[in-house]
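Colleague: Sequence:
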Amino acid sequence: MIYWQIFLAFFIPGILGYGGGPASIPLVEKEVVDRYGWMSTQEFGEVLALGNALPGPIATKMAGYVGYIEGGILGSFVGLFATIAPSLILMLGLMAILFKYKDSPEVKNISKVVKPVIAVLIGFMTVQFISESQSSLGSIQTIAIMAISYLLLEQLKVHSAFVIALALVYGAVTGI
1 MIYWQIFLAF FIPGILGYGG GPASIPLVEK EVVDRYGWMS TQEFGEVLAL
51 GNALPGPIAT KMAGYVGYIE GGILGSFVGL FATIAPSLIL MLGLMAILFK
101 YKDSPEVKNI SKVVKPVIAV LIGFMTVQFI SESQSSLGSI QTIAIMAISY
151 LLLEQLKVHS AFVIALALVY GAVTGI
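When we follow full-length UniProt numbering, the leftmost residue of the sequence shown carries the number 1, and every step to the right adds one.
Just so you know, these hints were derived from the structure itself, not from any lab. A virtual CB, placed ideally from N, CA and C, is assigned to each residue, including glycine. Treat the hints with care, since some could be wrong.
Cut-off 30 angstroms, straight-line C-alpha distance, at most; resulting in silico cross-link-like pairs (DSSO-like, lysine-lysine) [claimed, not checked]:
no., residue 1, residue 2
1, Lys-112, Lys-157
2, Lys-102, Lys-112
3, Lys-115, Lys-100
4, Lys-115, Lys-102
5, Lys-157, Lys-115
6, Lys-100, Lys-112
Now the in silico label distances, taken between C-beta atoms and shown as ranges [as the list claims (entries may be wrong)]:
no., residue 1, residue 2, range
7, Phe-99, Ala-119, 18 to 28 angstroms
8, Leu-16, Gln-155, 43 to 53 angstroms
9, Val-158, Met-125, 19 to 29 angstroms
10, Ala-119, Ile-143, 31 to 41 angstroms
11, Gln-128, Gly-37, 40 to 50 angstroms
12, Gly-72, Gln-141, 25 to 35 angstroms
13, Ala-85, Leu-151, 35 to 45 angstroms
14, Val-169, Glu-106, 46 to 56 angstroms
Kindly produce the complete structure, drawing on both the sequences and the hints.
Modeller: Okay, structure coming up:
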């Protein structure tokens, strides 16, 4: 019964919390604190603060923690699944519709429009990153990091995870 309660405590806010994790936090609090009484408002606030301090989506971190506290490792998995299940169900439904109509001209035209929009958004984000890097590191380090990253990624075909790890090490060593 506890696993069903954990599932409902995170699935319902996942459906109703339009806007992602921050929008669903009050709904999760209502379930965890008021409905099931698994923790006090104070404890919930502490879990929220801890979750905000860690990288990644807040809703999944909270679901994993609360699920673990209430139902152990299986409870953690149930909470995590319940948090992502609404998006997963919606995506599977949309994919089924997309595959059904994949040969229609409307769907093909959508992808013709979406690809350039994504390219522009990524380009804009890149310009912002370069601008922020120049203001904090200076032009020489920014250009050096960009050149080395390009060389590693495109010419030497180093996996992007290693390039990111290298950048983290460089930042840690230089104190950036």
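Colleague: Could you check the structure against the hints above and give me the numbers of any it violates, in ascending order?
Modeller: Those not satisfied are hints 10 and 12.
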